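Asker: Please construct the entire structure, taking both the sequences and the accompanying hints into account.
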Amino acid sequence: DTGVSQDPRHKITKRGQNVTFRCDPISEHNRLYWYRQTLGQGPEFLTYFQNEAQLEKSRLLSDRFSAERPKGSFSTLEIQRTEQGDSAMYLCASSSGQNNQPQHFGDGTRLSIL
Amino acid sequence: GQSLEQPSEVTAVEGAIVQINCTYQTSGFYGLSWYQQHDGGAPTFLSYNGLDGLEETGRFSSFLSRSDSYGYLLLQELQMKDSASYFCAVRRGRRALTFGSGTRLQVQP
Numbered sequence: 001d002t003g004v005s006q007d008p009r010h011k012i013t014k015r016g017q018n019v020t021f022r023c024d025p026i027s028e029h030n031r032l033y034w035y036r037q038t039l040g041q042g043p044e045f046l047t048y049f050q051n052e053a054q055l056e057k058s059r060l061l062s063d064r065f066s067a068e069r070p071k072g073s074f075s076t077l078e079i080q081r082t083e084q085g086d087s088a089m090y091l092c093a094s095s096s097g098q099n100n101q102p103q104h105f106g107d108g109t110r111l112s113i114l
Numbered sequence: 001g002q003s004l005e006q007p008s009e010v011t012a013v014e015g016a017i018v019q020i021n022c023t024y025q026t027s028g029f030y031g032l033s034w035y036q037q038h039d040g041g042a043p044t045f046l047s048y049n050g051l052d053g054l055e056e057t058g059r060f061s062s063f064l065s066r067s068d069s070y071g072y073l074l075l076q077e078l079q080m081k082d083s084a085s086y087f088c089a090v091r092r093g094r095r096a097l098t099f100g101s102g103t104r105l106q107v108q109p
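Protein chains in written order, with the working numbering: chain A, 1 to 114; chain B, 1 to 109.
The set of hints was computed from the structure by calculation and includes no laboratory data.
Keep in mind it's a predicted model, so treat the numbers as computed, not measured.
Be aware that a few hints might be false.
Derived CB-CB ranges, DEER-like [said to hold, decoys possible]:
#1 A:N100 x B:L74: 32 to 42 Å
#2 B:E56 x A:N99: 17 to 27 Å
#3 A:Q54 x B:T26: 15 to 25 Å
#4 B:G53 x A:Q84: 43 to 53 Å
#5 B:L74 x A:S73: 33 to 43 Å
#6 B:D52 x A:R81: 45 to 55 Å
#7 A:Q41 x B:Y30: 17 to 27 Å
No residue lacks a Cβ here, since even glycine has one placed at the ideal position from N, Cα and C.
Answerer: Structure (structure tokens):
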């Protein structure tokens with residue numbers, strides 16, 4: 001069973017640069033979620049896809065953030081004009097379409113802004 | 001909105017039993033979940049309670065009282081590998097989760 005895969009594992013970039021992260025969910029899962037986690041805190045919801053449709057976005061997701069899931073499989077999260085406050089772990093999770101099924105998380109992409 | 005409260009740290013010895021409490025406030029409730037996260041690792045699903053009562057999965061049990069907006073995670077026969085952070089989370093509608101700040105469990109020999 002292949003779990004949720006995220007790439008890259010770590011990203012270091014200068015303030016003002018754009019970054020893009022990729023998430024490959026578990027193959028049979030049609031629901032995909034992005035979360036952000038900072039040190040000592042729980043994951044915070046960013047956005048949710050069901051198949052290719054982005055159905056919910058958090059207020060945390062400013063206009064510098066955009067997420068896509070073009071074919072209903074992998075997803076990308078792009079941050080434009082990165083800021084110091086964007087430094088965090090970005091986690092992707094997926095679940096099946098059945099109610100109350102658990103979300104399975106990837107190992108995350110750790111973003112560090114210099 | 002939604003908020004969850006859980007203790008920030010708990011310490012216990014190997015072989016002991018520990019209970020991690022979680023209280024929540026939410027405008028809509030679709031169940032309480034528990035996740036474990038080791039340092040540098042991914043959150044891993046442990047348990048889900050949609051209805052009142054106790055759910056048991058091996059050494060781990062989880063309890064929910066919807067009338068009290070309260071739940072707990074019970075870990076029995078603690079092992080060193082149980083040292084991790086534990087998060088309670090409520091479901092937002094039927095989709096995304098809102099997590100607590102986590103409880104860091106330190107198991108001592």
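Asker: If a hint holds in the structure, say so; if it does not, say that too.
Answerer: Hint-by-hint comparison with the structure:
1. A:N100 x B:L74: 32 to 42 Å: violated (21 Å)
2. B:E56 x A:N99: 17 to 27 Å: holds (21 Å)
3. A:Q54 x B:T26: 15 to 25 Å: Roughly 23 Å apart at Cβ, these two residues keep to the hinted range, so it holds.
4. B:G53 x A:Q84: 43 to 53 Å: holds (46 Å)
5. B:L74 x A:S73: 33 to 43 Å: At roughly 38 Å between Cβ atoms, S73 (chain A) and L74 (chain B) fall inside 33 to 43 Å, so the hint holds.
6. B:D52 x A:R81: 45 to 55 Å: holds (48 Å)
7. A:Q41 x B:Y30: 17 to 27 Å: holds (22 Å)
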